[in-house]
Each structure stands twice: as C-alpha cells, then as structure tokens.
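Which chain is which? The protein sequence lines are U and C, in order.
Residue numbering for the first sequence follows the working numbering, starting at 1 and increasing by one per position.
Residue numbering for the second sequence follows the working numbering, starting at 1 and increasing by one per position.
These are computed hints drawn from the structure, not numbers from a lab.
It is possible that part of the hints are untrue.
What the hints assert, rightly or not - Example chain C residues on the side facing chain U (calculated, C-beta under 10 Å, incomplete):
id	residue
1	GLY138
2	GLN267
3	SER297
4	SER351
Nothing here was measured: the structure is a model prediction, and the numbers come from that model.
Where is the CB? At the ideal position from N, CA and C, for every residue including glycine.
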Amino acid sequence: MIAQFILRRLLGLLAVLVAISAMTFVLARVVPKDPARLIAGPRASQQAVEALRERLGLNGTLVEQYVRYMGGLLQGDLGMSFSTKRPVLEDIRIFFPATAELTLAALLFSLLVGLPIGVISAAWKDSAFDYVGRFLSTLGVSLPPFWVALVGQLVGYYFLSVLPVGGRLSQGVAPPPNITGFYTLDSLLTGQWGTFLNALWHLVLPAFVLSFGVIAVFVRIMRASMLDVMRQDYIRVARAKGLTYSVVVLRHAVRNAMIPTLTVIGLQVGLLMSGSFLTESILQWPGVGLYAANALLAADYNATMGVTLVGATIYTIANALVDIAYGIVDPRLRAT
Amino acid sequence: MKSQSFFALVASAIVLSACGAPQAAPQPAAPAATAPAASAERARTLILAMPSLPVNLDPGVATSGAENMLHRALYEGLVNFKGASTTEVEPVLAESFEPNADRSVWTFKLRRGVKFTDGADFNAEALKIGYKRMVDIGLLGNTINRFTSGDVENNLVVKDEYTLEWRCGFSCPDLPLALGTAYGTFVVSPKALKENEKIENGKSDHAMPWFERNAAGTGPYMIESLKPNEEIVFVRNPNYWRGWGDDKQRFERIIIRNVPEPSTRRQLLERGDADISLITTVEDYKALRATGRFQGSDKPLFRINYIVFTKRGVLKDPRVRQAIAYAFDYEGYANNVEGGLMRRGTSPWPSGMRSAVGTRGFQYTYDPEKARALLKEAGVPEGTELTYMYATGYGYYERMGLVLQAGLEQIGLKLRLEERDEAAFNDIFYGNRPVEELPDMMGYAWWPDYDDFYNYVNPVFHTRNEQNDGLGNGARYSNPELDALIQQSKFETDPAKLKAIYERAHQILMFEDPAAIYVAEPQEEILIVNSVKGHPWNPIHVKTFDFYSLYRE
C-alpha cells in the first residue's frame with residue numbers, strides 16, 4: 001500500500017519534470033531572440049551566423065531541438081553554456097555552493113534575529129520594544145531587496161569602509177580546499193582561520209540583504225504564534241503554579257509557538273533561493289543567481305533552462321518527499 | 001552624539017540612494033589600513049571594473065568591445081594606430097612596410113625573435129596561417145578578405161621567413177591603416193591551432209572551442225585565471241618582445257572585474273578599489289570628473305547614434321523623413337539630455353573622419369514649423385502614429401526616443417516607444433523580416449574599423465545583399481545611386497573624385513533620401529584614475545586599452 005503510494009508520487013514527479021522541461025524549452029525559444037546573432041556580433045555575415053547557429057545546436061525545428069535537448073538531458077547533459085563555454089551542469093556545480101552557503105547563512109541569521117525579536121515583542125506586547133519590532137518588520141516586508149542591497153553597500157562599503165564589495169574572498173586570498181564548497185565551512189575544517197574570517201566578512205552584506213525580508217516574516221509569525229499560545233489555559237496554569245513570567249515564556253510558550261514557525265521556515269528556504277538571484281546580481285556574489293541573470297541577458301538558452309530545471313527539480317523533489325512523509329504519518333492522505 | 005551621527009549618515013545614505021546616486025561626490029574615506037607590501041602590490045596591479053565580462057578569448061570570433069579589450073592584452077597585429085591618431089600607424093609585429101609603385105602590393109618585413117606564449121615562433125608563415133583562419137571562420141575576416149580580394153591563399157605570399165608580400169589586387173594605399181584595427185587583425189599561434197584543431201567530415205573547427213577559453217598570442221599579457229561572470233586576471237608575459245625593463249612602472253597584473261551595477265562601479269572608483277571603469281550615467285560621469293581625480297576624454301568617438309528610418313507607410317515619402325529630422329531637438333538632446341557628453345550629429349558618418357563633409361554639407365536645425373509644412377505637403381494626417389524600437393540596457397536609445405516623441409508631438413504625430421532586450425532587438429534588426437513587419441524607426445549605432453568611408457558606409461547604408469553588403473543596415477535602406485557611390489569609393493584613390501563621392505553621399509543620406517536622424521556623436525564613457533598614465537584616448541579604440549602602454553605614476 002505504502003509502496004504503491006510512493007510509486008504514484010514518484011511517477012507524478014516525473015510527469016511534472018517533463019512538463020517543466022517542455023515549458024522552459026518552449027518559453028526560452030518562442031520569444032523572438034537570436035543568440036547566434038548576439039554572439040556573432042553586428043559585423044558577422046549571415047552565412048557566419050547560420051554556421052554558428054548550427055554549431056550551437058539552434059538549427060532545425062522546435063520539435064527537433066527539443067528531442068535533441070531531451071536526448072542529452074536523459075544522459076545528464078544540460079548542454080553547453082553559450083557564455084561560459086562550459087557544460088551547464090559543471091557551471092551549476094561550480095556556482096551552486098556559493099548560493100547554498102549564502103542561503104543557509106541568511107536563514108541562520110534570520111532565525112537568530114527574527115525569532116528572539118518575535119518572542120520578546122509578544123512577551124512584552126505593546127511595549128516600546130514591540131512597537132520598534134513591529135515597525136522594523138513592516139519595513140522588512142516593504143523594502144525591496146535591491147534597495148536594501150544598494151543602501152547596505154553604500155553604507156557598509158562606501159561610507160563606513162567596513163564591508164567589501166563583491167566576490168566570496170578578497171583579491172589574493174586563495175579559496176580553501178574544496179570539501180563542501182562552502183568557503184566558511186571548508187576553511188574551518190582545514191583550520192584556515194584567516195580565510196574563514198575573510199569569507200565570513202564577504203558573506204555579511206549579502207546574507208544580511210537576503211535575510212532582511214525573511215527576518216520580518218519570522219518576527220511576525222513568531223509574535224503572532226506566541227500571542228496565540230500565551231492565551232492558552234496551560235500558560236495560565238503555569239503562571240498560577242507560581243512559575244516566573246520568563247520561565248513560562250521560555251519553557252512553555254516558545255516551544256509550542258515554534259511549531260507553526262517551523263512550517264514557515266521550510267517555505268522561506270524557497271523564497272531565499274529565489275531572492276538570491278537579485279541579491280547576487282547587485283552584490284556580485286558569484287552564485288547560481290548571478291549566473292542565471294547573466295545567462296538571461298545573454299540569451300544563453302541552455303544555461304537559463306539548466307538553472308530552471310535544476311531549481312525546479314530540487315523544489316519538486318522536496319515537495320514529493322514532504323508528500324510522502326505526510327502519507328507515512330497520516331494514512332488518510334495515501335488515498336488522495 | 002556618536003549614534004546620532006550614525007543615524008544621520010544612514011538617513012543621508014537612504015535619501016541619496018533614493019535619488020539614484022550621491023549628487024555631490026563625498027570625500028572618500030581613507031582606504032582600510034594596509035601593510036606597505038599590500039600597497040606596493042596594489043600599485044603594481046591595474047583593476048578595471050566593467051559592466052560585463054564575456055569571456056570569448058578568440059580574436060577570430062568575438063566581436064564585442066568587452067571581448068576586444070581582452071584580446072588587446074593577449075594578441076597583436078602587424079601595426080597599431082599611433083597614439084591618438086586615426087590616420088597614422090606604427091609597426092608592431094611588422095618592423096617595416098612599403099608599397100610598390102601603384103600601391104597594390106605591400107611588402108611587410110616582420111619582427112624577428114618574437115614568440116607566441118606557447119613557444120612557437122612568429123614569422124610570415126604563422127601570420128598567413130592566422131589570417132587564413134580568420135577569413136575561414138567568417139566572423140571577423142572582412143578586412144583581410146577585402147584587402148586580399150577574397151583570396152588569402154594566393155595574395156598573402158611568404159617570400160622568406162620574415163617577409164610577407166601582400167597583394168591587394170587593386171591599389172590599396174590604406175592597407176596599413178586598415179590593419180591598425182583591433183578587430184580581425186590579431187595573430188594566433190599556428191602551434192596551438194594545429195594541436196587543438198578538430199576535423200569532422202572534412203570540416204575544421206579552427207580550434208575555436210580551445211581559443212574561446214585559452215590564448216596563445218604574442219601580446220604583453222597572459223591569462224593567470226579566468227572565472228566566467230566574475231573576473232579575469234592577466235599577468236605579464238615574461239618573454240614579451242618589447243621587454244619590461246624600462247623605467248615606467250608598467251603593471252604586473254591586470255584584474256578585470258565584472259561589476260554590472262553602475263553605482264558599484266562608481267563606488268569602486270571613488271574608493272580607489274578600481275583604476276578604470278565604464279561610467280554609463282551622465283550624473284555619475286560628471287560628478288566623478290568634477291572631483292579632479294579622474295581622466296576622461298572630451299573628444300567624440302568615431303561613432304554615430306542614429307534613429308534609422310524604415311521606408312514603409314508614410315515614411316516612403318522623403319519629405320516625411322525630412323519633417324521628422326526637423327522635429328528633433330539636436331542641441332537640446334546633446335547638451336541637456338546627455339549633459340554635453342555627446343555632440344550633435346552633423347554627418348551620416350563621424351565628423352572626425354577624413355571623409356566627413358560635416359557642416360560644409362546640408363544640416364538640419366530644430367524647426368517644428370518647417371516640419372509641419374513638410375508633413376502638410378506630403379498629406380500626412382494629424383495624429384498619425386509611428387513606432388520607435390530600441391534595445392534595452394543602453395539609456396541613450398530610450399532618451400533619443402523620448403526627445404523624438406516630444407518633437408513629433410509638436411508637429412501632430414504620435415510616437416509609440418517599444419523596448420526589446422538586446423537579443424530580441426538584434427533578431428528584428430539583423431533578421432530577415434520584410435520591411436512591412438519592421439518598426440518605423442529604430443535606435444542604432446555604428447563605428448568603423450578604421451578611418452575609411454567605405455568601411456563605415458557600406459555596412460550601414462548599402463542595400464543588404466548576399467555579398468554581405470549592408471550587414472548593419474537593419475532598416476533595409478536602399479538607394480541605387482548611393483550603392484553605386486559606395487562601390488565606386490571602394491577602389492577610388494583620386495582625392496578629388498573621392499571628395500565628390502563624399503559630398504554626394506552626404507546630400508543623399510542627409511536630405512534627398514534620408515536614411516536616419518543622425519542624432520549625436522558620444523564621448524568615451526571610460527574614466528581612469530589620474531595615477532594611471534599612458535592611455536592615448538584614440539577615438540577608434542572604443543572601450544579598449546593598449547595595456548602595455550599603461551603605467552602607474
């Protein structure tokens with residue numbers, strides 16, 4: 001029964017991935033763009049452009065191109081990037097760790113800042129701290145990330161000279177040996193403290209920018225959840241038993257209020273990943289987001305499709321796993 | 001007090017950023033304390049912050065200015081333009097060159113002892129192989145092809161190891177000048193070509209995949225590292241034939257960073273973290289020049305920004321095109337909208353070229369009354385709507401459109417602006433759509449490979465055909481008389497006859513059968529920190545550098 005359920009979900013996953021590949025392929029190619037001409041430049045003859053089109057695999061009908069693309073895809077080949085001249089899969093392998101490191105750093109920072117503010121705001125509702133917290137969380141959801149990035153750079157780099165601009169390490173600092181692809185973690189694992197601090201220094205601004213809106217979400221969710229919990233009978237009982245207010249908040253309220261917040265954390269990871277596109281582009285963080293932005297501008301079909309497909313695959317697999325987990329936990333869901 | 005200052009700083013930063021950029025350039029804070037060794041290292045390093053970093057290193061393939069900038073560090077040709085001159089060249093890989101009596105054959109004596117970075121010798125055979133590859137690829141071989149009458153194999157004759165006889169097949173007094181261009185004249189190593197060439201079904205790939213990501217030239221620099229979309233680092237070629245031993249502090253390392261965000265490029269320049277950058281907004285450019293810490297050029301480039309006409313609908317009538325040209329406020333656009341960083345266009349080809357007729361010929365003035373009269377004469381109904389299409393990412397095309405829109409409103413016409421990303425725009429401009437499917441007008445720009453009427457006018461205004469004339473003629477302009485003049489100019493050497501050709505072409509393109517509004521000639525957008533010397537600001541070498549000539553003072 002459970003095996004059938006899992007099989008059904010996995011088949012559904014396959015269908016979704018085929019549909020995504022077809023959609024991204026068609027969307028990328030039906031728009032009137034000619035990457036061959038863009039690459040060849042204005043002074044190239046039409047014959048040279050045609051030759052280049054053939055070399056890039058852009059000749060033939062849309063169906064022929066799709067079949068060719070899918071043939072490669074089944075063998076794990078996402079094609080060559082027109083702009084970096086490398087296999088797209090290799091590009092993603094190179095750039096993805098930077099995005100993952102940035103996303104995780106931003107998530108960690110959001111949790112460390114957002115949750116305590118939410119808890120304190122709820123515990124001391126309508127205090128000055130609560131008002132400030134609410135104001136800041138409103139700012140967080142209202143200010144566009146690109147604006148936060150520009151201002152953050154202006155203040156951190158230009159005016160205060162405390163933060164660097166762009167890249168994961170300073171010029172002349174060699175990357176640590178590749179273990180996880182996360183410069184902070186790899187430098188720690190290999191005991192390269194100088195590199196670790198340098199990598200951390202470069203991570204501060206992009207992670208702050210990326211986390212800015214998410215902190216606001218965590219503050220609001222945590223505060224609302226805490227307020228809800230604080231109204232429950234068991235909290236009143238705990239207070240009646242003579243426990244101090246801070247013990248009630250920390251031991252009883254926070255733990256229960258975390259449940260809905262944890263659900264939201266999962267959703268925010270997706271938001272952070274997509275937000276990294278803009279943050280990386282503005283702050284020159286060399287991750288998949290910057291890679292995809294450059295690919296879009298250069299009409300680099302294979303790279304655009306590769307990033308979309310890999311992103312969609314991760315997201316779809318994660319969702320399928322959640323579905324399966326729900327199915328295991330709650331047998332009623334297996335019937336649907 | 002301290003926190004008040006901080007908040008004031010943050011608040012001012014927010015306000016300034018909301019305005020787009022700091023209006024008054026603040027005094028840069030002192031760079032973070034660095035050890036003397038680090039400072040010395042920095043002084044020996046040239047850092048460029050550029051808006052894009054395409055990484056096709058093949059000088060036979062890549063045509064963009066950004067890529068050409070990379071090629072100029074890695075490769076060389078026979079000659080180069082002398083300093084800022086566009087009419088004189090100096091020998092580079094050639095030691096000397098001289099023509100025969102009718103200037104149809106040139107003998108190049110090549111420099112001895114020059115090696116490619118892969119160890120291969122540079123000689124006449126290497127030059128011929130490199131140029132043949134250029135022509136065979138077909139992307140950048142126009143100059144070589146034209147001056148060998150399409151037969152590189154027989155018209156580049158290796159007389160001995162260091163002597164090459166160049167037969168044009170016609171009198172070609174301008175051959176050395178044509179070879180001064182940095183597009184399509186650089187020589188690659190025959191050894192690298194041979195080792196990396198793949199032949200499938202009898203068809204060579206010309207080692208293009210290898211040359212895209214690797215280099216083997218005779219240039220002053222070599223690749224140290226290359227991170228696509230991030231940065232490229234060059235180091236000195238230790239065996240460079242000109243040597244590194246004189247008293248100038250030439251750069252040991254060159255770092256070219258990809259910095260797409262304009263405000264970041266400005267900040268990097270101001271903070272001393274970049275030495276050279278492309279400043280694309282008028283406000284930033286003027287603010288940075290005003291600090292006195294940066295060099296720029298006040299001369300216009302060899303480039304015209306156009307609004308090209310498509311001869312369709314009401315625009316078939318030249319009077320309507322004349323009316324539109326009269327409705328454009330040239331001085332207002334150049335001086336106010338572009339802040340004086342462009343000069344109004346006075347000719348269909350750049351005013352600095354030898355062939356320019358400029359103000360000796362017909363000129364438009366901003367004259368809405370005359371425009372109205374012409375429209376009435378042509379019977380164009382009030383409220384007629386026209387379209388103007390332009391590529392996104394270049395602010396000036398949009399600004400040209402907005403000024404035109406305001407001008408046309410004055411004379412009772414409507415203009416719809418249509419923006420396309422560059423690839424989509426190129427597809428329309430260079431594609432095969434019939435004229436009826438094109439927009440009425442398009443924003444466009446062109447520049448020559450070298451100072452030559454034919455080289456400039458043929459791609460832009462000649463009827464597009466299968467002989468590859470009119471490659472940049474996106475509006476499919478066609479005028480048989482002009483075509484004949486262009487073809488005549490290709491082989492004409494008599495100055496008086498050439499002058500007559502230029503004047504007639506000017507009259508046709510400006511007035512009788514206008515191909516475009518010749519809006520403006522822009523200045524170079526590059527700014528260089530004052531301590532870096534040696535850039536000649538040559539108006540043909542747009543957005544590129546002779547890296548060997550640069551040094552820190």
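Results for each hint:
Checking GLY138/C against chain U: minimum C-beta separation of about 4 Å stays under 10 Å; hint holds. The beta carbon of GLN267/C comes within 5 Å of a beta carbon in chain U, closer than 10 Å, and the hint placing it at the interface holds. At its closest, the beta carbon of SER297/C sits 23 Å from a beta carbon of chain U; the interface hint therefore is violated under the 10 Å criterion. Interface hint status for SER351/C: violated, as the beta-carbon distance to the closest one in chain U is roughly 22 Å, over 10 Å.
Hint check: violations occur at hints 3 and 4; the rest are consistent with the structure.
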